[in-house]
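**Q** Next come the chains, spelled out residue by residue.
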Amino acid sequence: MSLASLEWGRATGAGRRRPFGGIVVDVPLLVLLCLTAGVGFVVLYSALGADMGLLIRQGMRFLLGLGAFFVLSQLPPRYLRIFTPWVFFLGLGLLLVVMVEGEIGKGAQRWLDLGVVRFQPSEIMKLAAPMMVAWFMHERRLPPTFLQTVAMVLIVCVPAGLIAEQPDLGTALLVIAAGGLTILLAGISVWIMLAAVVAAVSAAPVLWHFMHDYQRARVFVFLNPESDPLGTGYNTIQAKIAIGSGGLFGKGWMNGTQAHLEFLPERSTDFIFAVMGEEFGLLGLLLLVVLYLAIVGRGLYIASQAQDTFTRLLAGALSLTFFFYVFVNAGMVSGLLPIVGVPLPLVSAGGTSMVTLLAGFGMLASIHGHRKLMAP
Amino acid sequence: MAGPSLPLKDHWQEQRLFLSRIIAAGVVIVLLTSLLVLRLVQLQIFDYQRFSDLSQGNRFRIEPLPPNRGLIYDRNGIVIAENQPSWELVAIGEEIDNLQETLTALEKLGLTDPSEHNSLRDLIRSHRGFERVKLSNLTEEQAATFAVRRHRFPGIDIQEALVRYYPFGEASAHAVGYVGSISAADLDRIDRSEYAASSQIGKAGIERAYEATLHGRVGYRQQVVNAQGRVLFDPTVHSHADNIANFIDGLESKAPVPGDNIVLSLDMRLQLAAQEALKDLRGAAVAIDPRSGDVLALVSTPSFDPNRFAAGLSRADYNALTIDVDKPLLNRALAGVYPPGSTVKPFIGLTALEHESIDPHKQVYCPGEWHLPGQTHKYREGRGGVHGPVDLHEAIVRSCDVYFYQLAVAIGIDDIASGLKAFGFGATTGLDIEGEKAGIVPSPEWKKRRFSRREDQVWFPGETVNTGVGQGYMLVTPLQLAHAEATLAARGEGHPPRLLIGVEDGVTRQVKYLDPAFLPKVEHQQEHWDFVRDAMVGVTSELHGTARDPMKGINYKVAGKTGTAQVFTVAQDEKYREADVDERLRDHGLFVAYAPAEAPRIALAIIVENGGGGARAAAPVARKIFDAYFAAEGYVAREP
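Residue numbers (the working numbering), protein chains in the order written: chain A, 1 to 376; chain B, 1 to 640.
This is chain A alone, in the form it adopts within the complex (with noise of 0.2 Å):
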């Protein structure tokens, strides 16, 4: 067997070839996810003090995730973008009816009640604004005029807006990240993104001041954890003696005394990369990084190989964003980036956005695997 035919995602034209009888498998990307969340449930089981009835109801969610990207991998890149206004529309649309009624109720509101299930539609424009982004640059020429940059960045901050509104700020920011980094990826010249940089830091004081106060709090924590040891630093120095103490091997599994003797909040949620870091050491940290750096490489490749503007851009978008999760929930937790609540991918408990996230990769697995040979 030659090497090119290992890669069996790859087109090789008519009479193409594929190896599960015409459904689309991206092998490389299943193989990594499954690893990434073994490692999870792994740590997850420590971190829940042995609860095997959480673990399995996280097991559960991640089985609802492979559904979806299992579906989405079958749906021909044509049909995702086809479909791509409808959803976007529609999730903005949800995003109004939750705002409408939120303040009937007077009060933070997120959640969509649709009788059976519940669930946020902020998590939808995860995935709909940087489809939204990339359907609108489809047809256009490379890189986009002004005006169009204008367009997408409206397309960005609409429903970024009303999810800060909700108030949201963490799912904002990543709706932000995602939207933002398929109009970078689209070409925008470098001029633009250095005025907009600009304009960022001296819009600062602007959002200083629409900030709620524990937002503000948070900020000048970040800055300096230990002026408030009782209170909001808490976290940040419980976390960092944790990630510290587990030295270059750990502790051992199920041995991490921050995590076990409660000293780390939230150690099942945002704060899992202590909990990993203190029971497995530098050496788990660097293996759970290189899974994620494999990943997102991965998707990288994905886009580089697509074939259109859209897939291209939307496979770029994906992979970039997932970085962007992993760094700054690993940075927050590690004390280099201030505290936003934003889960570790794949690994911390809780479920909407590893349906959401295993659906994006579905779409990635998607695009590689619908190419069409092209001649070179």
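Bear in mind the hints are in silico, worked out from the structure with no lab data behind them.
Warning: the hint list may mix true and false statements.
Claimed, not checked - Pairwise CB distance ranges (calculated):
1) B/Ser119 to A/Asp51: 45 to 51 Å
2) B/Ser181 to A/Gly252: 40 to 46 Å
3) B/Val325 to A/Asp51: 56 to 62 Å
4) B/Asp326 to A/Glu165: 57 to 63 Å
5) A/Asp51 to B/Arg509: 52 to 58 Å
6) A/Met211 to B/Ser181: 33 to 39 Å
7) B/Gln159 to A/Pro167: 40 to 46 Å
Unchecked claim - Facing chain A, a subset of chain B residues (Cβ under 7 Å, in silico):
8) Glu14
9) Val27
10) Leu31
11) Leu32
12) Leu38
13) Arg39
14) Leu43
15) Gln44
16) Phe46
17) Asp47
18) Tyr48
19) Phe51
Backbone N, C-alpha and C fix where the C-beta goes; we use that ideal spot for every residue, glycine too.
Knowing the structure of chain A, use the given hints to seat chain B on it.
**A** Below, chain B alone, put in the same frame as chain A:
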């Protein structure tokens, strides 16, 4: 042919642009990942020893430090509330082997209250394992008892703490209030992290009203403790030379900021004199400086010992206080409402002069009883007797009810009500501690609001008659009476009564005094103020003055007025005879006064529940307060 201007897509160029962006992104990813890995290496390799020591071999603990609560002084700098060192028994949940057995063993030694077994157990369980939970206050003896058995109690420790102490005990209880253990209800209205180390909070009086000023700000220190919870290293206690640990660099501490001290308007000499005079009685005394509204004394008896609350009152003891028939927890000075009786007569006389309702010098014959024209119901002289011919001056001096029955009818109820309201009756005075009652100034309008049934809303002429002598619906608090008296003494220039007059910064010790506030002036002609003052001086000095005996031998002028409030209504054909009436149904005695009459510096109101007449029960209390005040001020009172 596609010209260069047509927007045709150049796939090759677009792919190159995209690839360059992907490569740029890859470079950024590598850089950021390197940054993350370097951070992890820093934490896990270079700082490993420090973090490892902090987490594993030893426990790293942040201990909150309580701020010292601000002191409370009287106006002369005498300490009314201070902090005394004592011992506390504390538990560290995660180090206790068997919680039930430990608590039972502590109870057997008499160190904790068996009736609180379950609540203490829940309290310990509701805290994080490494937090210190206070179980009880210990006496010196109990602390010694525990100290020798400490090895048998892992996870239980004693620590020094400051407990609030009120040197004047009962005498200051109702004015200053007290602190007590922080309850679940308190937790909702405070910043919990500020109270992380505090075990007490202001519950009543000044202690509650100025909690934010008195409390101060929490500090903290980081400590290293061993598996039993004993402190191995504490930067505020041990020196670096102790060689206990080599990771002290990470330990930090911040000193707590003490609360501000408070200066009250109270003069403890008067407060003690009033408490002593009212001892064994049910009553209240309030003294106010008419020049500023400063409350010089505020006493309510029977009282209670606030130190018992500060030390932690058991549920049973608290219940005993609440069900006591004498209601020691009731602050009669602000929350006790009484009919003012004849103490309203000077105010009604002033209203009559203002409206020219009568000729003040015209005499009216008092036969001992009176009835409204065309009615048979008899309004009797409250204290009995026949006054004969009296004018307004004489009617105040001798407290003639018959004169005031007719005067009230002549003025009319609406003008009486507005005249009384101008002096603050019927509304809270705005004193800076909680719990004040508003009392009642009755009027036809008030009756319409108060009663819902049409037939109850009718104002009867007889009710105007009763109001003229401070009976019927009218109710006042002793604080209102003293405040009205102070406004009368100041000839209408009233000040809202206040207890706080200054704040001393807990750190810099600089005292900031507050200026008195002003109320809208009550306007009357000078000769009317003089007329009423002279009549009130007559009460304490003239031959027939009702308060002549209690004020005998005073070498300055006192303007006063006695009052008697009926608790029990005597049937139309009977006479009130004290011996026949149950002790709790006897009349309340009231006395209001200010002095010196020409340049008043103190105004007061006294009430003695079921004490009989005002002259006999209440005026002697006032005399003792005056004596205490003027002895200090240089007026030496001659004993009669």
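**Q** Which numbered hints turn out to be false for this structure?
**A** 1, 9, 10, 12, 16
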